[in-house]
Amino acid sequence: MFILNLIFYPILYLYLNKNVQAITINTVAIGYYGREDIYRFMTNEFNNYSKENNLNITLSLNTFTPENSTQEIRDYESTLEILFKKGSNKYDFIIYDNVYTPKFCPYLLNLNKYIPKNHIDTYNSQILSNVGSCKNEIVGLPVILDFTLLYSNRKLLNKYKKNIPTTWNELLETASYILEKEKQLNNTDIMGFSGLINGKIKKKRIKNIIINN
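FYI, the numbering for the sequence shown is -22 to -1, 1 to 191, going by mature numbering (1 follows the signal peptide of the UniProt record, and there is no 0).
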């Protein structure tokens, strides 16, 4: 319930004091990798809470899934960008991959103006600064944090007799060590870690990445 409070408290704060009888809040998300079940659970929990406390607020979840859409993740983000540029008010809350925060930043609200600081402070500040901040503004709050896969460059790991990292500290230590050693060999075309690989990077630079999520 603590996590749900973190997620849905902004909904209450933004809408509770409005002079209306009932409110429907439209949310959109992409439901790949089993995440639809997570979003559905959160939505049901909030709606049950709203009903039990006579809030007259209903959260309506719209998800793009392999069953109801041919959209892939990048297509979903493109759809969101089109809606942003049109100034569409079709959705009130939008769940998206945080790698697109810089791209969507001009269209997002500065939540510091709408949500009390003591609520924002309940989030891990380092995570929030990495995934929900843009131009010194809080424009998004994390819903879930997960990592589906972790690829390791076995060639480089074996070269320096390093094991596949199993913790963040090991990942940072291993990547930093190999980066330094490779730079000593004048290999500057190398990345220590990449959170997302696609397009040109995937084709041209994957061999020069030590760790990839």
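Do not take every clue at face value.
Result set (BS3-like, lysine-lysine): computed pairs, CA atoms no more than 30 Å apart in a straight line [claimed, not checked]:
1. Lys81 - Lys91
2. Lys91 - Lys63
3. Lys64 - Lys81
4. Lys113 - Lys81
5. Lys139 - Lys113
6. Lys113 - Lys137
7. Lys133 - Lys159
8. Lys133 - Lys113
9. Lys29 - Lys113
10. Lys140 - Lys113
For each label pair, taking beta carbons as the anchor points, the in silico distance ranges come out as [stated by the list, open to error]:
11. Ser154 - Lys29: 47 to 53 Å
12. Tyr155 - Thr57: 39 to 45 Å
13. Pro84 - Pro120: 16 to 22 Å
14. Asn136 - Tyr69: 43 to 49 Å
What the hints contain is simulated information worked out from the structure, not anything from laboratory work.
We put the beta carbon where it would ideally sit given N, CA and C, even for glycine.
Hint-by-hint comparison with the structure:
At most 30 Å may separate the alpha-carbon atoms for a hinted pair to count; Lys81 and Lys91 meet this at roughly 21 Å. Proximity of Lys91 to Lys63 is assessed by CA-CA distance (about 22 Å); at most 30 Å being required, the pair is judged to hold. The suggested pairing of Lys64 with Lys81 holds, with an alpha-carbon distance near 15 Å, which does not exceed 30 Å. With a C-alpha separation of about 12 Å, the suggested pair Lys113 and Lys81 falls inside the 30 Å cut-off, and the hint holds.
Annotation: proposed proximity of Lys139 to Lys113 is violated, straight-line Cα distance about 41 Å (limit 30 Å). Between the alpha carbons of Lys113 and Lys137 the distance comes to roughly 40 Å, so the proposed pair goes past 30 Å and is violated. For the hint pairing Lys133 with Lys159, the CA-to-CA distance comes to about 14 Å; that is within 30 Å, so the pair holds. Taking the CA atoms of Lys133 and Lys113, the gap is about 39 Å. The hint is violated against a cut of 30 Å.
For the suggested pair Lys29 and Lys113, the alpha carbons sit about 38 Å apart, so the restraint of at most 30 Å is broken. Taken as a hint, the Lys140 and Lys113 pair is broken in the structure, with Cα atoms around 38 Å apart against an allowance of 30 Å. Between Ser154 and Lys29, the C-beta spacing of about 51 Å keeps the proposed range 47 to 53 Å intact. A hinted range of 39 to 45 Å holds for the C-beta pair Tyr155 and Thr57, which are about 42 Å apart.
Judged by the Cβ atoms, the range 16 to 22 Å given for Pro84 and Pro120 holds: they are separated by roughly 20 Å. Between Asn136 and Tyr69 the C-beta distance comes to about 48 Å, which sits within the given range of 43 to 49 Å.
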